[in-house]
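Start from chain D and add chain Z according to the hints.
Here's the letter readout for the chains.
2 protein chains.
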Amino acid sequence: MNNSNSTTYIADTICAIATAAGRGAIAVLRLSGNQSLCILKQIFEKRRGNNAHIKSHQLYLGTLFDNEKELDEVLVSYFKSPHSYTGEEVVEISCHGSEFIQQRILELLIEKGARMAKPGEFTLRAFLNGKIDLLQAEAVADLIASQSKTAHTMAIDQMRGGFSNKIKELRKQLLHLASLIELELDFSEENVEFADRSQMTTLLETIKIELFKLKTSFRLGNVLKKGIPVAIIGKPNVGKSTLLNSILNEEKALVSEIPGTTRDAIEDTIVIEGYSFRFIDTAGLRHSDNTIENMGIERTYEKIKQANIILYVCDISDVNSESMEQVLNEFKTYIRNNDKTFLLVANKIDRLEEIPAHLKEILELETVFVSAKRHENIHLLAETLVNAVKNKNFNGDILVNNSRHFEAISQALSALGQVEKGFENNIPTDLMALYHLGAITGEVTSDEILNSIFSKFCIGK
Amino acid sequence: MNNSNSTTYIADTICAIATAAGRGAIAVLRLSGNQSLCILKQIFEKRRGNNAHIKSHQLYLGTLFDNEKELDEVLVSYFKSPHSYTGEEVVEISCHGSEFIQQRILELLIEKGARMAKPGEFTLRAFLNGKIDLLQAEAVADLIASQSKTAHTMAIDQMRGGFSNKIKELRKQLLHLASLIELELDFSEENVEFADRSQMTTLLETIKIELFKLKTSFRLGNVLKKGIPVAIIGKPNVGKSTLLNSILNEEKALVSEIPGTTRDAIEDTIVIEGYSFRFIDTAGLRHSDNTIENMGIERTYEKIKQANIILYVCDISDVNSESMEQVLNEFKTYIRNNDKTFLLVANKIDRLEEIPAHLKEILELETVFVSAKRHENIHLLAETLVNAVKNKNFNGDILVNNSRHFEAISQALSALGQVEKGFENNIPTDLMALYHLGAITGEVTSDEILNSIFSKFCIGK
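Protein sequence lines, in the order shown, are assigned to chains D and Z. So in our numbering, spot 436 of the first sequence is number 436, and the numbers just go up one at a time. So in our numbering, spot 422 of the second sequence is number 422, and the numbers just go up one at a time.
For reference, chain D alone in the conformation it holds in the complex (with noise of 0.2 Å):
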């Protein structure tokens, strides 16, 4: 890391409004760095008592001024360094909530000497000041972000440190395997092979695997974190259409009956149970001689090898066993797949009488009955979706979830080929892997890497 660049960050003091944009009953304003209580002093008077007197982690009720007439009446909050978010001295302004209020109190501060702080800064100097690793810094944004259950508990986890202890703890044993490598280079000069070579070998394997299982959980942990994808396919007209808005709108009647249930409506996506699902409506499948038809079908299978869930909706007063196979057969790869689940959604029930008993042999697979018309079963369509996550699910395993991460443990798994390689060809390699792995917790690390870690961060943090 360049420290000395690092320094420069330190230095300064900087402030920030951390609360939401916008108009509040109350906002919070943060000060960082050394000149934190003295910025303050110049602008806040205690209501009782000596204003030099400001304890650490006391809240003080008071009067800010901005040249001498009353700004506003505000509570104080004084962290002492190193007991504060960012280890430095600390300073926390609870104003009251109107815009003028907040952007006349930013400016005071900085015409007192502070600096506006960079998206993220916060938690940057909390990570440079070693309160937190990197891991733990970028679950921080990802807590932020959080818009659903599974999202939060992924970046909580993160936060407490239970991948940095693993990944420490997989690195500590890349150091071990350094060693042995060491020793077996010591002796390699007298052209004696290292007695336990076996042991080596065994240690090498053991961290592959343990890498390897974290690299694949990424597929899962991504897409918990962003949504998991739902393709919705079918033949035109079967009420693909109907179905994704019959969801969408389970979904507001499920907001009544489960807490922390919400809809993005820009995208489509939903939270049923604390999952978030990302549903993708696809063009109708059909054989045509239409270019542009047929381009809009060929988009449908992109979508399907991107989704995690297929559901494929057929119209239930229009299937014959014949139909049926043609089906299953063409998405056969899909239906055998641990990496998907398929789900045939049978539409317009209300059309049938009855389901008549031969339809019901013809759908050997998981079948979930709907109308999406007149929105009936959609509940049961919604609970299959939840349990077919959960079959699927971490049970506390660690999730990758993050690209940099999956990068790095990619990269740590392809050095540790080579070195496997070196060993059967007795050619000595480098043990890259420690640097990729310590890229992650940010043991090592650059102000590149930085830079472009903390500038997704949100201002105030």
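Just to be clear, a hint being listed does not mean it is correct.
Intra- or inter-copy, both count: the list cannot distinguish identical chains.
No more than 27 Å apart at the CA atoms, straight line, and that leaves these computed lysine-lysine pairs for BS3-like [claimed, not checked]: (1) K69 - K168; (2) K80 - K41; (3) K69 - K213; (4) K303 - K340; (5) K55 - K80; (6) K112 - K69; (7) K166 - K69.
Calculated directly from the structure, the hints in this document are not laboratory data.
Below, chain Z alone, put in the same frame as chain D:
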């Protein structure tokens, strides 16, 4: 006041998100009521020390639990009754600002026995518990809504109790008057006129003058709070809309020079040096036989009546003595008017090499020479606008800026008129003015009044 209703208000513990809606680095939730601390302790665990010991005005870092699973790392503070905003037991929770976390904490607080606060209910409780009077409560709402420095200053002054004291002082004088009237009534039975009747009439006159001052201050107070209406008028094609755009652009340029200068694009309201101006573009004024056009012109005259500042725009390249005299004659009622400022804006100076001396003479009024198109001298116009307001400014006088107060004062005044008439005809009259003034500060109030005031607040305050 209906006290039985008020106690049901007070019996339960209320909670709300107090910071602006949406995602931020942090968010603050607030609890008020007897159960605040008890509810907190069910979901919160201090990082260090015994959870039972939570002192007032201290900050505690700890974990918030959602059914034994960690929900967030939070900072918690407790304000022991009566040393809190509401006067009740108050708890504040500062959490990570994800919408999921904010929402979930709110749900947990409700699960544990709090109920969602109504808009303004925290401030209502502060009023009901005698921490602030009604004027100060209303000032809190104004403070949060304030967009300009003047609106903010008026709110702060009112929150500090300046207006309250004034009303209380007037009420005291009214009570004195009441006792004098009482005395006179005692004597009147003996058909002897009370010796010092002049004392009574003098007192009545003094109170009336004070109330009249307050009543008339409403025009300025209201305008300063909501934005000073500026009508831009003139013949067609003299460049009124170009001038408006130019002013709005000037303002953008001003942003970097003068702090706190902001523009509300939707309403074409801009803030210059702390004053909010509300610009009203109007239809061109000319004699026409077209009915629709004449309706537009009629509306222009309506807007002129409502405006505090009238900018009469003329095309300097197309002006002569005759036409100007006509203008001055047409608007003479507004030119010498204490309520309005009439300014001449001579536009299109870019069309002339220099301004001919004889034109300057014609434009005997205060005139700003500009080129809206080339954005010349617009800063001078902005300066002139600010000076026009400063000249009529309050000099620390109390300005009534709330229509509820304006109405109560008007009613008090007319009630005093009745009293005066009663004097003249020797008919004793109730001092209803006492009631009207009491309603302003809340010494006399009803649930209806309280509801109408606090329902306009934001939730969380």
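Review point. Can you give the numbers of the hints that this structure goes against, from lowest to highest?
Key: The structure breaks none of the hints.
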